[in-house]
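Whole structure, please, built from the sequences with the hints as guidance.
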Amino acid sequence: TTPEFRIPAQGVSEMMHTREGPPGFEAGGISEVDAEAPVVGDEVDVVVDSIDEDDLLRARLPRAKHKAGGDWSALSAGQVVDCIVTGTNKGGLQITVSNLKGFLPASQVDLGYVNDLQSFVGQKLTVEITEVNPKKRNLVVSRRKLLQAEREEASGEFWKTLEVGQEQEGTVKTIKNYGAFVSLGPVDGFLHIGEMSWSRINHPNDVLKQGQQVQVKVLKVDQEKNRISLGMKQLVQNPWLTASEKYAAERIVSGRVSRVADFGAFVELEPGVEGLVHISELAWRRVGSVKEVLAEGETRDFKILEVDTKRKRVSLSLKALEQRPESDKPQRAAADEPPAPRREPNPDLRGGMGGQSGGGGLFGNPSDFT
2 TTPEFRIPAQ GVSEMMHTRE GPPGFEAGGI SEVDAEAPVV GDEVDVVVDS
52 IDEDDLLRAR LPRAKHKAGG DWSALSAGQV VDCIVTGTNK GGLQITVSNL
102 KGFLPASQVD LGYVNDLQSF VGQKLTVEIT EVNPKKRNLV VSRRKLLQAE
152 REEASGEFWK TLEVGQEQEG TVKTIKNYGA FVSLGPVDGF LHIGEMSWSR
202 INHPNDVLKQ GQQVQVKVLK VDQEKNRISL GMKQLVQNPW LTASEKYAAE
252 RIVSGRVSRV ADFGAFVELE PGVEGLVHIS ELAWRRVGSV KEVLAEGETR
302 DFKILEVDTK RKRVSLSLKA LEQRPESDKP QRAAADEPPA PRREPNPDLR
352 GGMGGQSGGG GLFGNPSDFT
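The sequence shown: position 168 = 169 (the numbering used here), numbered continuously.
Mixed in with the good hints, there may be bad ones.
Straight-line alpha carbon distances no greater than 25 Å define the calculated SDA-like cross-link-like pairs of lysine to any residue that follow [as the list claims (entries may be wrong)]:
(1) LYS137 / SER77
(2) LYS137 / VAL115
(3) LYS226 / HIS193
(4) LYS313 / GLU269
(5) LYS292 / SER255
(6) LYS174 / TYR114
(7) LYS234 / TRP199
(8) LYS174 / LYS137
(9) LYS136 / GLY88
(10) LYS174 / VAL115
(11) LYS226 / VAL237
(12) LYS102 / LEU57
Listed next, with one range per pair, are the computed distances between beta-carbon atoms [unchecked claim]:
(13) GLU158 / LEU57: 23 to 29 Å
(14) VAL165 / LEU57: 21 to 27 Å
(15) ASP83 / SER120: 16 to 22 Å
(16) LYS125 / HIS193: 36 to 42 Å
(17) ASN203 / LYS125: 41 to 47 Å
(18) GLU158 / GLY195: 26 to 32 Å
Think of the hints as simulated: they come from the structure by calculation, not from any bench. In this text, a Cβ means the ideal position worked out from N, Cα and C, and glycines have one as well.
Structure below.
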């Protein structure tokens, strides 16, 4: 890498106005300074590009643009230059730096993958020289290195001001099955699928699109691991906080069948609040399959049986809205069947272990049957 030296601001100030520096030093002038000129006593970093036979240092300010002037010998790795994109090829972009032809690899065009390189043709880009060979007329540049450096510089300030509970505006960068990565500018945060909505979501694509602008809330911050946890549902009130008032028992409500299972159907009463109507509560008759009565996406009225806000459950009934058929009412046996007749005792039957004065046998006195 090119070495860096620290020089007093007084020397830089003189070079910017007179294009002359201290003995053994040469710089490009005030055109290299984008911000306000430093004051006397400040220190600035410079990058040394070359040292000639007289030990004269040719240096520049970090990321300061360099004008090649059509001279290959004036170019060196690490210099920041402007280039014009003239065309594309399989590997990247064809560029020119002061009429010197060069190459910008596709992987170095941006921080992420670029799908359409043709959109860069004709644009003026600021890049950093990564390879230069005057003899072979070989010039390779990178735009990604500059973008990374700018992002790292900005991320330092961003982390200082970032706090849990802040609301941030970001751009959906990448969508996965389990969530989405959101760019907050210099850093990325992760938005888990469970933190997107109070409603049940099957896939992040149901609510997000790549490139979409979203408002998020910072849930957790771990600067050591460069991790930021984000949430979207926290920006709206949790519907379960008022569910006990809105969905009291015996109340009739309207809902949309969101899912059908073997044991019943889930009904969305509002975003974030789902109720369950058990298969036994679909009809007074015996129901073999939930789909015999309800279809997914159908909107019906239901009667609330029970609300449990702690467990976030609402029990619903469909058959409770219908009158119970007479055939299903329990029948009382006493009303439908006559009482059994009472049997009178027969005085001619005798038996027992004894009890008679004569002391008969087990089945009576044998003389009585002779």
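Cross-check of the supplied hints:
| no. | hint | verdict |
| --- | --- | --- |
| 1 | LYS137 / SER77 | holds (14 Å) |
| 2 | LYS137 / VAL115 | violated (29 Å) |
| 3 | LYS226 / HIS193 | holds (17 Å) |
| 4 | LYS313 / GLU269 | holds (13 Å) |
| 5 | LYS292 / SER255 | holds (19 Å) |
| 6 | LYS174 / TYR114 | holds (11 Å) |
| 7 | LYS234 / TRP199 | holds (6 Å) |
| 8 | LYS174 / LYS137 | violated (40 Å) |
| 9 | LYS136 / GLY88 | holds (24 Å) |
| 10 | LYS174 / VAL115 | holds (13 Å) |
| 11 | LYS226 / VAL237 | violated (29 Å) |
| 12 | LYS102 / LEU57 | violated (29 Å) |
| 13 | GLU158 / LEU57: 23 to 29 Å | violated (37 Å) |
| 14 | VAL165 / LEU57: 21 to 27 Å | violated (54 Å) |
| 15 | ASP83 / SER120: 16 to 22 Å | holds (18 Å) |
| 16 | LYS125 / HIS193: 36 to 42 Å | holds (41 Å) |
| 17 | ASN203 / LYS125: 41 to 47 Å | holds (45 Å) |
| 18 | GLU158 / GLY195: 26 to 32 Å | holds (31 Å) |
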